[in-house]
Amino acid sequence: MFNFLISQTLFYTVSLFVLFVPGYFLLLAIFGKRRILSGLERFVISFGFSIISVDFINFSFSGLHIPITRLSTFLGIAIFSLVCFAIYRFRRFADSPDDGRLFNFSKNQLILILILIFLMFFIKLSYLTGTVFPTATDMGHHMFWSEWMADNHKLPTYDGMPDFIIGEHIIFGAIILLSNADVTSAFPVVVLLLIDLLSILAIFILTLRIFKQKNVAIMTLLFSGVLYAVTSPQAKFVSGGVVGNVMGNFLLPLSFYFYYRAFEFFENGTLTTNESRTFLALAFFSTFGLFYTHHLTAFIFLFISFLAIVLFLILNFSKLKETIEAALKLILSPRVMAVFIGGLVFFFFIFTPNYIKTSAVNTVVGAPSKGTRVGLSIANLRSSVGEARLALGFVGLLILAWGYKRRNLGYTIISAWAVMIFIMSTEPHLLFVNLPSNRIGNYLSYPIAILGSYALCFVFGSRFRLEKNERIVPNSLVRLSLAAILVFVLVNGISDSALAFKNSNKLSLIAQTFDSSQYLVPHITNSDMVLKDHNYITADSWIKIFFMRGFKFPLSRGYFKRYNDPTKPREMCTLDMIASPNSPDAEKCFAGTNTNFIMVNPQYDSAQFQKLKNFNQIYSNSEINIYYRVKQ
Amino acid sequence: MKKISQANLIIFFFVALFLVGSIYLFSIDQRYDSHKYAKGWWSLSFDNPKTNDLSFEIENFTSKSDFHWELLADNAQISEGDASIGHGKTQEIKIDADKAQSDKRMIIRISLGTDTKEIYKNISN
Numbered sequence: 223m224f225n226f227l228i229s230q231t232l233f234y235t236v237s238l239f240v241l242f243v244p245g246y247f248l249l250l251a252i253f254g255k256r257r258i259l260s261g262l263e264r265f266v267i268s269f270g271f272s273i274i275s276v277d278f279i280n281f282s283f284s285g286l287h288i289p290i291t292r293l294s295t296f297l298g299i300a301i302f303s304l305v306c307f308a309i310y311r312f313r314r315f316a317d318s319p320d321d322g323r324l325f326n327f328s329k330n331q332l333i334l335i336l337i338l339i340f341l342m343f344f345i346k347l348s349y350l351t352g353t354v355f356p357t358a359t360d361m362g363h364h365m366f367w368s369e370w371m372a373d374n375h376k377l378p379t380y381d382g383m384p385d386f387i388i389g390e391h392i393i394f395g396a397i398i399l400l401s402n403a404d405v406t407s408a409f410p411v412v413v414l415l416l417i418d419l420l421s422i423l424a425i426f427i428l429t430l431r432i433f434k435q436k437n438v439a440i441m442t443l444l445f446s447g448v449l450y451a452v453t454s455p456q457a458k459f460v461s462g463g464v465v466g467n468v469m470g471n472f473l474l475p476l477s478f479y480f481y482y483r484a485f486e487f488f489e490n491g492t493l494t495t496n497e498s499r500t501f502l503a504l505a506f507f508s509t510f511g512l513f514y515t516h517h518l519t520a521f522i523f524l525f526i527s528f529l530a531i532v533l534f535l536i537l538n539f540s541k542l543k544e545t546i547e548a549a550l551k552l553i554l555s556p557r558v559m560a561v562f563i564g565g566l567v568f569f570f571f572i573f574t575p576n577y578i579k580t581s582a583v584n585t586v587v588g589a590p591s592k593g594t595r596v597g598l599s600i601a602n603l604r605s606s607v608g609e610a611r612l613a614l615g616f617v618g619l620l621i622l623a624w625g626y627k628r629r630n631l632g633y634t635i636i637s638a639w640a641v642m643i644f645i646m647s648t649e650p651h652l653l654f655v656n657l658p659s660n661r662i663g664n665y666l667s668y669p670i671a672i673l674g675s676y677a678l679c680f681v682f683g684s685r686f687r688l689e690k691n692e693r694i695v696p697n698s699l700v701r702l703s704l705a706a707i708l709v710f711v712l713v714n715g716i717s718d719s720a721l722a723f724k725n726s727n728k729l730s731l732i733a734q735t736f737d738s739s740q741y742l743v744p745h746i747t748n749s750d751m752v753l754k755d756h757n758y759i760t761a762d763s764w765i766k767i768f769f770m771r772g773f774k775f776p777l778s779r780g781y782f783k784r785y786n787d788p789t790k791p792r793e794m795c796t797l798d799m800i801a802s803p804n805s806p807d808a809e810k811c812f813a814g815t816n817t818n819f820i821m822v823n824p825q826y827d828s829a830q831f832q833k834l835k836n837f838n839q840i841y842s843n844s845e846i847n848i849y850y851r852v853k854q
Numbered sequence: 091m092k093k094i095s096q097a098n099l100i101i102f103f104f105v106a107l108f109l110v111g112s113i114y115l116f117s118i119d120q121r122y123d124s125h126k127y128a129k130g131w132w133s134l135s136f137d138n139p140k141t142n143d144l145s146f147e148i149e150n151f152t153s154k155s156d157f158h159w160e161l162l163a164d165n166a167q168i169s170e171g172d173a174s175i176g177h178g179k180t181q182e183i184k185i186d187a188d189k190a191q192s193d194k195r196m197i198i199r200i201s202l203g204t205d206t207k208e209i210y211k212n213i214s215n
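Residue numbers (our numbering), protein chains in the order written: chain A, 223 to 854; chain B, 91 to 215.
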């Protein structure tokens with residue numbers, strides 16, 4: 223118990239230090255305590271900026287060849303925070319007009335916010351109770367690289383693989399270094415849960431700023447945080463360890479938030495030019511953070527931004543010249559260009575993400591190469607984002623178009639966000655997008671949630687108020703309609719999550735996989751190679767964390783369909799060595815790879831080894847047999 | 091006493107829920123490694139997988155404890171014995187080196203009730 227308390231205290235202290243402190247002090251250095259940001263906005267943004275700041279601190283270490291150790295990590299973050307604090311103390315900040323009304327809620331609204339936040343936590347935690355254990359393949363891969371960074375004291379290069387992006391692992395590596403957190407514990411799930419919840423709050427503050435209607439923002443907590451709280455890309459991605467996507471889902475709305483605030487002056491002149499420039503600089507900072515974190519989200523961000531810019535210019539065609547001039551006045555300012563150029567220098571010269579180095583971009587642009595990339599049907603989309611949410615989101619888009627505020631860049635961003643992802647996921651060939659359509663479809667959930675909230679509040683807004691001293695006063699028909707819609711939405715949203723709850727007891731399966739791995743570790747040398755199966759072994763991607771001998775140790779027999787994929791020809795050794803271990807091809811593979819230990823599930827893959835005299839069965843439990851190939 | 095602002099209230103509530111929830115997740119995350127939860131399985135392994143040494147180890151996570159072992163050479167029994175191994179316990183059983191027979195498959199067969207597992211080594215010259 224005492225050890226548990228100590229480890230927990232250390233973990234939370236370190237998490238605060240890594241995930242909150244640097245961002246908070248950066249905001250302090252930039253804005254001081256000015257009310258241009260509310261307390262809630264500061265809280266949410268501090269986490270986002272901490273993630274990005276810690277990334278850049280580590281890029282600097284890499285560029286300067288400073289080993290990434292516990293001491294350097296601590297000093298890097300501490301010095302960064304102290305410098306920001308010193309800047310805050312040194313600078314004088316002009317007072318800003320009180321923006322507090324937007325974040326002053328009535329008693330009923332506040333209660334509803336707290337209830338929705340509670341429900342958000344409750345539903346996600348209920349799901350994660352059964353899925354917190356280390357089984358997910360993606361999580362295993364990501365935690366391997368985080369552990370690698372901590373063990374090797376440098377940023378990983380991923381052996382050239384483009385699917386891993388550095389921003390996915392730095393904060394985990396930093397927490398491991400500072401707190402000795404165990405990657406097989408709940409630590410990665412807890413961190414991802416925090417980021418997932420913060421992404422909901424990011425949607426909340428973005429919506430509140432754009433629409434200036436508190437009820438709309440509160441409804442987004444319902445639509446994006448409570449309903450469909452488990453299905454992708456939320457709690458399922460948290461337990462599944464889809465790290466980049468979860469982090470991207472937080473940094474994307476945060477980026478949009480800063481872009482909106484930078485160009486808010488188009489709609490109202492409340493911000494000074496300097497303040498707008500600061501917001502734009504921070505928007506670029508957030509965008510670079512996004513590009514360092516998740517390539518798919520960054521790719522989608524580019525498409526959305528393109529459409530948003532084009533749409534805004536078209537809608538403001540009558541004032542095109544002054545719009546462009548005003549935008550350029552912001553963009554071509556020292557602080558904005560400094561951040562932009564600084565980001566580019568880091569991106570191309572100090573630490574370049576793998577997906578740029580390996581030209582992975584070429585593979586995602588072009589005609590869809592597989593059936594899973596030709597686009598989703600409306601039915602697919604309905605099951606992906608939820609029927610109720612999709613319907614209300616569509617209505618919200620129509621209402622937005624009907625009452626469009628041309629000068630409100632936020633309206634344009636939300637519209638472009640929804641429309642572009644809709645096109646990318648349903649008709650990708652129109653945009654030459656060659657990516658799994660269901661992954662793109664998942665991105666529709668946030669803009670649809672915002673639009674759905676807007677629709678609900680717009681339709682019932684004049685009759686349904688939660689502000690102080692006003693009672694709920696819909697007439698009976700409106701009340702009935704609202705109730706019917708809410709029931710439909712709630713049932714759809716909650717049942718969608720309920721279906722995701724599985725009653726599977728994988729604990730003994732995990733234990734057996736880990737036990738067999740722990741057995742092998744002391745018995746292998748540098749000249750030994752292990753091959754394991756991915757199809758029938760639970761938590762197999764975590765096996766490599768026991769060995770820490772490289773991402774591809776042990777070798778892995780992948781999904782059978784991948785060996786038949788004509789678009790991605792691959793080696794056949796990992797298949798042959800298990801399927802037909804005595805075949806001539808397999809013999810060549812054994813010689814070429816030096817494989818001499820094989821981990822398989824005996825229920826599927828034991829007979830072919832048991833009839834051979836050069837394989838000894840050296841370990842056996844219900845789920846795993848290990849064979850040792852004797853050299854002849 | 092200073093009245094807490096709404097923003098601070100929301101933040102404190104959020105943080106409190108996060109702490110409670112995450113502490114709960116941390117309290118259950120090692121269940122796969124717990125005898126109480128990850129049960130109903132046992133394992134059998136050679137002490138030295140690369141040599142001809144036939145000594146082996148049984149690890150028990152079931153509720154039963156009465157193991158019966160046999161040493162066989164190509165299905166001919168050479169020796170046998172019993173081992174009582176409690177839940178969560180491990181026991182090593184030493185086999186003399188002279189029991190290994192050349193050109194034979196030396197099998198260790200363990201029975202626990204109706205459940206049987208075996209490991210083996212093909213001994214060459």
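Don't read these hints as lab results, they were simulated from the structure. Please note: incorrect hints may appear among the correct ones.
What the hints assert, rightly or not - The calculated SDA-like cross-link candidates involving lysine to any residue, where the alpha carbons are at most 25 Å apart (straight line), are:
| # | chain 1 | residue 1 | chain 2 | residue 2 |
| --- | --- | --- | --- | --- |
| 1 | B | Lys129 | A | Met223 |
| 2 | A | Lys835 | B | Ile185 |
| 3 | B | Lys140 | A | Arg771 |
| 4 | A | Lys853 | B | Ile185 |
| 5 | A | Lys376 | A | Met223 |
| 6 | A | Lys255 | B | Ile101 |
| 7 | B | Lys179 | A | Leu347 |
| 8 | A | Lys833 | A | Ser730 |
| 9 | B | Lys179 | A | Phe226 |
| 10 | A | Lys833 | B | Thr206 |
| 11 | A | Lys458 | A | Leu347 |
| 12 | A | Lys255 | A | Val561 |
| 13 | A | Lys627 | A | Arg323 |
| 14 | A | Lys728 | B | Gly176 |
| 15 | B | Lys207 | A | Arg851 |
| 16 | B | Lys179 | B | Arg121 |
| 17 | A | Lys783 | A | Glu793 |
| 18 | A | Lys728 | B | Asn142 |
| 19 | B | Lys194 | B | Gln167 |
| 20 | B | Lys154 | A | Phe226 |
| 21 | A | Lys458 | B | Lys140 |
| 22 | B | Lys140 | A | Cys795 |
| 23 | A | Lys835 | B | Ile168 |
| 24 | A | Lys728 | B | Asp164 |
| 25 | A | Lys434 | B | Lys189 |
| 26 | A | Lys255 | A | Thr235 |
| 27 | B | Lys189 | A | Lys255 |
| 28 | A | Lys833 | B | Asp164 |
| 29 | A | Lys541 | A | Phe487 |
| 30 | B | Lys194 | A | Pro824 |
| 31 | B | Lys189 | B | Lys154 |
| 32 | A | Lys833 | A | Thr789 |
| 33 | B | Lys189 | A | Gln832 |
| 34 | B | Lys140 | A | Ser778 |
| 35 | A | Lys833 | B | Arg199 |
| 36 | B | Lys140 | A | Ile288 |
| 37 | A | Lys329 | B | Phe108 |
| 38 | B | Lys179 | A | Ser730 |
Hint check:
With a C-alpha separation of about 23 Å, the suggested pairing of B:Lys129 with A:Met223 holds against the 25 Å cut-off. The suggested pairing of A:Lys835 with B:Ile185 holds, with an alpha-carbon distance near 22 Å, which does not exceed 25 Å. Distance check on the hinted pair: B:Lys140 and A:Arg771 sit about 20 Å apart at the alpha-carbon level, within 25 Å; holds. This hinted pair checks out: A:Lys853 and B:Ile185 have alpha carbons roughly 24 Å apart, not beyond 25 Å.
Only pairs whose Cα atoms come within 25 Å are accepted, and A:Lys376 paired with A:Met223 is rejected, the gap being roughly 34 Å. Distance check on the hinted pair: A:Lys255 and B:Ile101 sit about 17 Å apart at the alpha-carbon level, within 25 Å; holds. Under the criterion of a C-alpha separation no larger than 25 Å, the hint pairing B:Lys179 with A:Leu347 is inconsistent with the structure, at around 33 Å. With a C-alpha separation of about 29 Å, the suggested pairing of A:Lys833 with A:Ser730 is violated against the 25 Å cut-off.
Distance hint between B:Lys179 and A:Phe226 is fulfilled; the C-alpha atoms sit about 24 Å from each other, no more than 25 Å. Distance restraint check for A:Lys833 and B:Thr206: the Cα-Cα separation of roughly 19 Å lies within the 25 Å cut-off, and the hinted pair is therefore satisfied. Among the hinted pairs, A:Lys458 with A:Leu347 is consistent with the structure: their alpha-carbon atoms are about 11 Å apart, no more than 25 Å. The hinted pair formed by A:Lys255 and A:Val561 meets the criterion: a straight-line CA distance of about 22 Å does not exceed 25 Å.
In summary, the hint linking A:Lys627 to A:Arg323 is supported, as the alpha carbons are separated by about 21 Å, within the 25 Å threshold. Among the hinted pairs, A:Lys728 with B:Gly176 is consistent with the structure: their alpha-carbon atoms are about 23 Å apart, no more than 25 Å. A distance of roughly 20 Å separates the Cα atoms of B:Lys207 and A:Arg851; the hinted pair therefore holds under the 25 Å criterion. With a CA separation close to 17 Å, the supplied pair B:Lys179 and B:Arg121 stays within the 25 Å bound.
As the CA atoms of A:Lys783 and A:Glu793 are separated by approximately 13 Å, the hinted pair is consistent with the 25 Å bound. Taken as a hint, the A:Lys728 and B:Asn142 pair is broken in the structure, with Cα atoms around 35 Å apart against an allowance of 25 Å. Under the criterion of a C-alpha separation no larger than 25 Å, the hint pairing B:Lys194 with B:Gln167 is consistent with the structure, at around 12 Å. Distance hint between B:Lys154 and A:Phe226 is unfulfilled; the C-alpha atoms sit about 31 Å from each other, more than 25 Å.
Our distance criterion of 25 Å between C-alpha atoms is broken by A:Lys458 and B:Lys140, whose separation comes to about 42 Å. With a C-alpha separation of about 23 Å, the suggested pairing of B:Lys140 with A:Cys795 holds against the 25 Å cut-off. Of the pairs offered as hints, the one joining A:Lys835 and B:Ile168 holds, with about 20 Å between alpha carbons and a cut-off of 25 Å not exceeded. A hinted pair counts as satisfied when its Cα atoms are at most 25 Å apart, and A:Lys728 with B:Asp164 does not qualify at roughly 36 Å.
Note on A:Lys434 and B:Lys189: the hinted pairing is violated, with a Cα-Cα distance of about 84 Å set against a maximum of 25 Å. Between A:Lys255 and A:Thr235 the CA atoms are separated by roughly 24 Å; this keeps the pair inside 25 Å, and the hint holds. For the hint pairing B:Lys189 with A:Lys255, the CA-to-CA distance comes to about 80 Å; that exceeds 25 Å, so the pair is violated. For the hint pairing A:Lys833 with B:Asp164, the CA-to-CA distance comes to about 12 Å; that is within 25 Å, so the pair holds.
For the hint pairing A:Lys541 with A:Phe487, the CA-to-CA distance comes to about 14 Å; that is within 25 Å, so the pair holds. With a C-alpha separation of about 23 Å, the suggested pairing of B:Lys194 with A:Pro824 holds against the 25 Å cut-off. A distance of roughly 29 Å separates the Cα atoms of B:Lys189 and B:Lys154; the hinted pair therefore is violated under the 25 Å criterion. Under the criterion of a C-alpha separation no larger than 25 Å, the hint pairing A:Lys833 with A:Thr789 is inconsistent with the structure, at around 36 Å.
Taken as a hint, the B:Lys189 and A:Gln832 pair is honoured in the structure, with Cα atoms around 22 Å apart against an allowance of 25 Å. Under the criterion of a C-alpha separation no larger than 25 Å, the hint pairing B:Lys140 with A:Ser778 is consistent with the structure, at around 22 Å. Distance hint between A:Lys833 and B:Arg199 is fulfilled; the C-alpha atoms sit about 17 Å from each other, no more than 25 Å. At most 25 Å may separate the alpha-carbon atoms for a hinted pair to count; B:Lys140 and A:Ile288 exceed this at roughly 42 Å.
As the CA atoms of A:Lys329 and B:Phe108 are separated by approximately 23 Å, the hinted pair is consistent with the 25 Å bound. Restraint check for B:Lys179 and A:Ser730: the C-alpha separation of about 16 Å stays at or below 25 Å, so the hint holds.
The structure is inconsistent with the numbered hints 5, 7, 8, 18, 20, 21, 24, 25, 27, 31, 32, 36, although it conforms to all the rest.
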